[in-house]
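Please build the complex by placing chain B on the supplied structure of chain A, with the hints as guidance.
Protein sequence lines, in the order shown, are assigned to chains A and B. For the first sequence, the numbering used here begins at 382 and goes up steadily by one. For the second sequence, the numbering used here begins at 237 and goes up steadily by one.
Fair warning: there could be bad hints in the mix.
Claimed, not checked - In the DSSO-like style, the derived pairs of lysine-lysine whose C-alpha atoms are separated by at most 27 Å in a straight line are:
1. B/K364 / A/K427
2. A/K487 / A/K498
3. A/K498 / B/K264
4. B/K353 / A/K425
5. A/K498 / A/K427
6. A/K498 / B/K353
7. A/K498 / A/K387
8. A/K387 / A/K427
9. A/K427 / B/K353
10. A/K487 / B/K355
11. A/K487 / A/K427
12. B/K355 / A/K425
13. B/K264 / A/K425
14. B/K264 / A/K487
15. A/K487 / A/K387
16. A/K487 / B/K353
17. A/K425 / A/K487
18. A/K427 / B/K355
19. A/K498 / B/K355
What the hints assert, rightly or not - Label-pair restraints from in silico Cβ distances:
20. B/L279 / A/I438: 28 to 36 Å
21. B/H294 / A/I476: 18 to 26 Å
22. B/Q317 / A/E386: 54 to 62 Å
23. B/L354 / A/A384: 30 to 38 Å
24. A/E412 / B/W322: 53 to 61 Å
Unchecked claim - Which stretches of chain A does chain B cover? Using the computed rule of at least three CB atoms under 8 Å from a CB of chain B, they are:
25. 445-456
26. 460-467
27. 472-485
None of these hints come from the bench; they were simulated from the model. Glycine included, each C-beta is placed from N, C-alpha and C at the ideal position.
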Amino acid sequence: MNAVEKEILLMPNMDGTERIFLHNVLGELNEEEQITALQIYRAKRKDPQMMLLLTLIGLVGAAGVHRFIMGQIGMGILYFFTAGFCFIGTILDLINYRQLALESNKQSAAEAAATVKIMRR
Amino acid sequence: MNALFLRSLRPCIFSFKPFRSKGLGFLKPESIIWLGSLLWLGLFANLEQQRWSLCPLHALGLDFCPGCGLGRSIGMAMRGQFAASWAMHPLGIPSFLILLHRVVVLSFPGLSGLPQKLKTRLFNSFAKFARHERR
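Same shape as in the complex, but just chain A (with noise of 0.2 Å):
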């Protein structure tokens, strides 16, 4: 097993799809910098069954907590002052949470890939 593999081990509830994704961002990437990518990239994922259990939050007291922390602050305000849509918007969430998790995983990875090409000289 080398570095890289090791490396992608350390982040929980890794699927197939997000493996794939990863692989195709980093692609470019020599060894080293694809390490240094994936050190940043695990900082910044968001953990699908994070996103579950936020989302679950809705239900009981403040909803709209994982919008806010994928970054998407317009809907994050929405949700929490119209407690999640009557809670239709939040069980949809409960129904949706890979697919958000996976989409902001997306954006931070293609991130990730940016802030070590511009470490490269």
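Quick look at chain B alone, frame taken from chain A:
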């Protein structure tokens, strides 16, 4: 990571360039829901009287609900009745704009981090320039 494996993955569906998806590929489940509800509220919904409500708080018989009236408010904003929309629910007009933005971002994922990307590009060119100056 094996180079050959990576090369085989390159034409994969996951790409970050905008406008890459063909046909109806830009429609995701979430965007279908937002777009469908916006279209229904803007074109077909009857805003004068409320016959039924999806709200569980309403079904429980509670009077207070922070989100009730938002749908009618969005519908009024889409039909140009801004004063009535504000009176029904103050968040109607902003939520219409935010939902539209969300649908666009969902359909064309390359557009989502556009300010960040422009910033990165600016920083990159500046760094290149600074390196050039140092020599």
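Broken hints, by number: 1 and 3
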